[in-house]
Amino acid sequence: MGSPSNELGPLVTTNGMFIIDEIHEQNGTIHRDIPGGGGMFAMLGACIVTSTKQISENLKWIIDRGHDFPSSLTSVIESWGTGVHFRDDNSRYTTRGGNFYRNEDLREFEYLTPKKQISVQDWVGTWGLTVLSQLKCIHLVCSAERCLQILDQLATMKLDSKTFVWEPVPDLCNQEHASQIMEVFQRSETIIFSPNAEEGSRLLGDEEPSQLDQVLKYIWKFDELISPHHSCVLRCGRMGSVALSSRDNDGHVRQVFHYPAYHSASPDKVIDPTGGGNSYLGAFCLGYALTQDLHIASICGNIAAGCVIEQN
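Just so we're aligned, residue 5 is where the sequence shown starts under this note's numbering, counting upward by one.
Since the hints were made in silico from the structure, they are not lab data. All C-beta atoms, glycine included, are put in the ideal place defined by N, C-alpha and C. Some hints could be false.
To be verified - Pair by pair, the computed Cβ-Cβ distance ranges are: (1) S95 to A182: 38 to 46 Å; (2) S214 to Q315: 21 to 29 Å; (3) L208 to S123: 29 to 37 Å; (4) P264 to D72: 39 to 47 Å; (5) K119 to Q30: 19 to 27 Å; (6) E82 to F261: 32 to 40 Å; (7) E82 to S231: 39 to 47 Å; (8) A182 to W224: 17 to 25 Å.
Claimed, not checked - Cross-link-like lysine to aspartate or glutamate pairs, in silico, DMTMM-like; alpha carbons within 25 Å at most: (9) K162 to E187; (10) K119 to D93; (11) K57 to E82; (12) K119 to D37; (13) K225 to D297; (14) K273 to E112; (15) K221 to D252; (16) K120 to D72; (17) K225 to D254; (18) K166 to E61; (19) K166 to D156; (20) K166 to E149; (21) K120 to D37; (22) K166 to D252; (23) K120 to E26; (24) K225 to E202; (25) K221 to E211; (26) K225 to E180; (27) K57 to D297; (28) K225 to E212; (29) K225 to D252; (30) K57 to E11; (31) K162 to E193; (32) K166 to D126; (33) K119 to E26; (34) K120 to D156; (35) K225 to E193; (36) K166 to D227; (37) K120 to D93; (38) K166 to D254; (39) K225 to D210; (40) K166 to E11.
Based on the sequences and whatever the hints tell you, model everything.
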């Protein structure tokens, strides 16, 4: 996806972290120093659908490197050509996580070192208000409470308008946290809410729709919940993605559309779904930042996710 360089400014950032993963397989095999984290996968997804150096350089994100950060990972990240900012702190360990596979369907995660989240103050301190204002799209992977805090902090800065793509934390996307989630749904900012289908149905107290025709009907439940200028994208794994548009169009009527998963006809090529959702949304953010088109953004997301889940 290309665009003349003189039309580009800062495009996308994320509050997702870079986490160094340890993968513990059922057979006892341990894979160490594996790049991971929601921020990393989001930016990897954006890179997959990037066609020019100018676009890559306008993907802005922060990686916190501790004293134990492997130089090999730095080389990998630098090879992507993004606008990454490495923040070094030799007094701490890099954020590390353990992924423990108990069986084929169950993966448990725990932090192995203290995490260091990315905040609004970090964005301002790293790039300044001008770059933050110019950003077209911000990927937020967090709880509703933290999402509201970030939106409130940014609202005080009188920035240029931008789109927020909110990926809720899975464990906190439920009826217990529904009141705060509904607060996000009523915000004045332009927000695209994107849980996966299981999280979206759990939020509403329902069972996950298992067939595409069910998802196409189910997403309409969000019509009256989200503000007219908001959109919703349900990520549905092997079924692809289903989007509910905003009412910001000539007819003021929402539309629903589906795009198939990249591997809908080749599921045997799926090796590991880890990071598929994050990479979908990173590519989605970039597609939307460049075009303001839900269709193109959805296609970008499905392509990137398909590439990522082909890998170990």
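Hints versus structure:
1. S95 to A182: 38 to 46 Å: holds, 40 Å
2. S214 to Q315: 21 to 29 Å: Because 27 Å falls inside the window, the suggested range holds.
3. L208 to S123: 29 to 37 Å: holds, 30 Å
4. P264 to D72: 39 to 47 Å: holds, 41 Å
5. K119 to Q30: 19 to 27 Å: holds, 26 Å
6. E82 to F261: 32 to 40 Å: holds, 37 Å
7. E82 to S231: 39 to 47 Å: The hint (39 to 47 Å, Cβ to Cβ) holds, given that E82 and S231 are roughly 40 Å apart.
8. A182 to W224: 17 to 25 Å: holds, 18 Å
9. K162 to E187: holds, 21 Å
10. K119 to D93: holds, 13 Å
11. K57 to E82: This hinted pair holds, its Cα atoms lying about 13 Å apart.
12. K119 to D37: holds, 16 Å
13. K225 to D297: holds, 22 Å
14. K273 to E112: Given pair K273, E112 holds - Cα atoms ~24 Å apart, limit 25 Å.
15. K221 to D252: Within the cut-off at roughly 21 Å; holds.
16. K120 to D72: holds, 15 Å
17. K225 to D254: With a Cα-Cα distance of about 22 Å, the restraint between K225 and D254 holds, given a limit of 25 Å.
18. K166 to E61: holds, 19 Å
19. K166 to D156: The hint holds at about 14 Å.
20. K166 to E149: The given pair, whose Cα atoms are some 20 Å apart, holds under the 25 Å limit.
21. K120 to D37: Holds, because 17 Å separates the two Cα atoms, which is no more than 25 Å.
22. K166 to D252: holds, 15 Å
23. K120 to E26: With a Cα-Cα distance of about 18 Å, the restraint between K120 and E26 holds, given a limit of 25 Å.
24. K225 to E202: Judged against 25 Å, a Cα distance of about 14 Å means the pair holds.
25. K221 to E211: With Cα atoms ~14 Å apart, K221 and E211 stay inside 25 Å; holds.
26. K225 to E180: holds, 18 Å
27. K57 to D297: Measuring from Cα to Cα gives roughly 22 Å; hence the hint holds.
28. K225 to E212: holds, 13 Å
29. K225 to D252: Holds. K225 to D252 sits at ~18 Å (cutoff 25 Å).
30. K57 to E11: holds, 14 Å
31. K162 to E193: holds, 12 Å
32. K166 to D126: Answer holds: K166 to D126 is near 18 Å, not above 25 Å.
33. K119 to E26: It holds: about 15 Å lies between the C-alpha atoms, which stays within 25 Å.
34. K120 to D156: This hinted pair holds, its Cα atoms lying about 21 Å apart.
35. K225 to E193: Between K225 and E193 the Cα gap is close to 21 Å, so the pair holds against 25 Å.
36. K166 to D227: It holds: about 22 Å lies between the C-alpha atoms, which stays within 25 Å.
37. K120 to D93: holds, 11 Å
38. K166 to D254: holds, 21 Å
39. K225 to D210: holds, 11 Å
40. K166 to E11: Judged against 25 Å, a Cα distance of about 16 Å means the pair holds.
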